[in-house]
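Participant: Here is how the chains run, residue by residue.
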Amino acid sequence: MTTQPPFQASQLTLPLYARSRCRLENYVLNPGSTLLDTVKGFLTAPSDTGLYLHGSVGTGKTHLLLAMAHRVGPASSIYLNVSELRDVPADSVLEGLEGKSLICLDDLQAIAGQEQWETALFHLYNRCQLSGARLLFGATEPPSRLGVALPDLLSRLNWGVVLKLDELGDEQKKRVMLRRADERGIALSNEVLQYLFSRSQRDMTTLVTVLDQLDQESLTEKRHVTIPFIKKIMKW
Amino acid sequence: METWHQCLELLQDEIPAQQFNTWLRPLQVQEKEGTIALFAPNRFVLDWVNEKYLSRIMEILSQISEGTVPKVTLKIGSVAKVDSSTPKKSAVTEPAKKRDLPIEKSDEGDSDFIERPSGREVRVEGAMKHESALNSSFTFETFVEGKSNQLARAAAMQVANNAGGAYNPLFLYGGVGLGKTHLMHAVGNAIVSKNPAAKVVYLHSERFVADMVKALQLNAINDFKRFYRSVDALLIDDIQFFARKERSQEEFFHTFNALLEGGQQMILTCDRYPKEIDHMEERLKSRFGWGLTVMVEPPELETRVAILMKKAEQAKVNLSHESAFFIAQKIRSNVRELEGALKLVIANAHFTGQEINPAFIRECLKDLLALHDKQVSIDNIQRTVAEYYKIRVSDLLSKRRTRSITRPRQMGMALAKELTNHSLPEIGEAFGGRDHTTVLHACKVVFGLKQSDPTIRDDYQNFMKILTT
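Order-wise, the sequence lines are chains V and D. Heads up, the first sequence is in our numbering, so the first residue is 1 and it goes up one at a time. Heads up, the second sequence is in our numbering, so the first residue is 1001 and it goes up one at a time.
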């Protein structure tokens, strides 16, 4: 058994997605990316059981997993963020899920190294192979760096396509920010967006945290999100 | 349906999307005559919804219902209606069909409109239908033979030709992703092709345990016994997962004896040699060794190339020998990882329309290769070997020729040849300025010892595991 990895910052994704509507249609890709083709192709590939997506926080894993679950339909798919479930008996969480067509398991790093979870997941994988169900995994690390102690599970995670989600370029990040602002009912002008990108750290986690803060403060102060307002709130 | 949809819409506004998507949206619903039946995929989801959301659901329903508030029941299972957007797997690999099994009555009420069993299905009693669960694509024809697995393949062929004969049980062991399961299915398929009426049952050890537990709960253990003893061949995968499960071991012990006595074939796979399975009864371990015990080793370079060529052919993709060689050189741990890499390359080629060649492969696999390259420097090998044998790296590089030093040194050289792309002169140089013929000799010695000396074989496997995962 390897030691359990420290809890990742992935809990952040929960509030971030609170009001988003994650769909394939509004998923933002870097130019030339074949990511969506590959992920969609996974649903129809004849012999694949698993597809594994990894990338740092804010690269769009959760969005993609939720969107895929939506595409397949709520009756035939399930999305579980395992970081919320790491303390409950894995067997009971995963029992019978092979009856679904698509099972999306997010934040896999949260349970890596936990014997019970690893064994239960290994068994689920085997059952899915027999039933024809598909598993879509999301994690911050690739399988070999996940800290999986059970080699049987590790080799299965590596069996399907393993895809790294790259950081988005600035233009794509801006599109994501516009969409998220829109979902919050905030109108971001180009100047304001430009200002945000010139002052804030430009990783998605920070950007969305800033947006959340601005959203909160603008509601409290009943003010529009303008450059002077941002300056005041963020103390830039 | 209407009432529930209204309820869901209201819930969606007040519950965070992720939680809503996880717990509420997947619930299937059946509304009829003043009742709303909600179906959860398993007991866990059911309990969760019951505990966290049911009271709120009831509140909302009472607000939106005109007149009588519908009665809500929570059940495990699914509604007859199947989502039309469900993607269907094509039949290329023919995953085993869902078993046609009796459905366990749910505790939460009648289950008259549960059509598809999900989760809590039970496979016991006399009505237990025979389903082989054999994967028809795993045959001897699709198995790629190489030095590493030829013995295991030959043994499996023998068993296929003479099931229930002298080699009972056939015990296949070795690391993950090396083809044990494939061989096991190949024997099963061969038996069935000779005698289509043969009852060949393949299952993972977990399934055996789960079936037994259900049988005990339902007082149907005799049916369980009858079923497992009635098969012509029983194939159980990953037998090591019986560890610590005393009751399952007990049941399996009796099943084992009955099958052996009846001349029915058993094939077992395991990640290790029988004697080395921890928390397993001695009497079982000794029985595992009664038939034929064969090891499957990691495939060497030539076999890895051949496996890739075969997989590409199956996927109807043009893969040049040079390209296959490139992937096989880079990915060494096991066949699953090799397949995963090939799938990624094929997907990229398909969606970009580019030709598959080593440069394209390098680009596709850049993330994966970065991981591998890092793990297999000669330095790393030397440090690992020295630490393992409790000697110093400087000993490995020295001129000393005592056996306690030469063996580890030879091991290090053999590993460097297998795991890195360095030339033999480079490896010799890195091991204290030795000649390339010394490296070649070391590789031969280690190869020979791997066949004849179990300790060296174990050491070698341990190194492969440490250095490549």
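Since the hints were derived computationally from the structure, they do not count as laboratory data. Model, not experiment: these values are computed from the prediction. Take the hints with a grain of salt, since some may be wrong.
Derived EDC-like pairs (lysine to aspartate or glutamate); straight-line CA-CA distance at most 16 angstroms [said to hold, decoys possible]: (1) D:Lys1330 - D:Asp1271; (2) D:Lys1214 - V:Asp91; (3) D:Lys1366 - V:Asp215; (4) V:Lys164 - V:Asp152; (5) D:Lys1450 - D:Glu1426; (6) D:Lys1052 - V:Glu84; (7) D:Lys1465 - V:Asp152.
Participant: Are the Cα positions of Lys1052 (chain D) and Glu84 (chain V) separated by 16 angstroms at most?
Facilitator: 14 angstroms, holds
Participant: Given the proposed pairing of Lys1330 (chain D) with Asp1271 (chain D), does the C-alpha separation stay at or below 16 angstroms?
Facilitator: Distance ~24 angstroms between Lys1330 (chain D) and Asp1271 (chain D) Cα, so the pair is violated.
Participant: If you draw a straight line from the CA of Lys1214 (chain D) to the CA of Asp91 (chain V), is it 16 angstroms or shorter?
Facilitator: 15 angstroms, holds
Participant: Would the hint linking Lys164 (chain V) and Asp152 (chain V) be met if the CA-CA limit is 16 angstroms?
Facilitator: 22 angstroms, violated
Participant: Given the hint that Lys1465 (chain D) pairs with Asp152 (chain V), test it: the Cα-Cα distance must not exceed 16 angstroms.
Facilitator: Between Lys1465 (chain D) and Asp152 (chain V) the Cα gap is close to 12 angstroms, so the pair holds against 16 angstroms.
Participant: Given the proposed pairing of Lys1450 (chain D) with Glu1426 (chain D), does the C-alpha separation stay at or below 16 angstroms?
Facilitator: Distance ~24 angstroms between Lys1450 (chain D) and Glu1426 (chain D) Cα, so the pair is violated.
Participant: Keeping to a limit of 16 angstroms between CA atoms, is the pair of Lys1366 (chain D) and Asp215 (chain V) held or broken?
Facilitator: 39 angstroms, violated
Taken one by one, the earlier hints fail for this structure at numbers 1, 3, 4 and 5, listed in ascending order.
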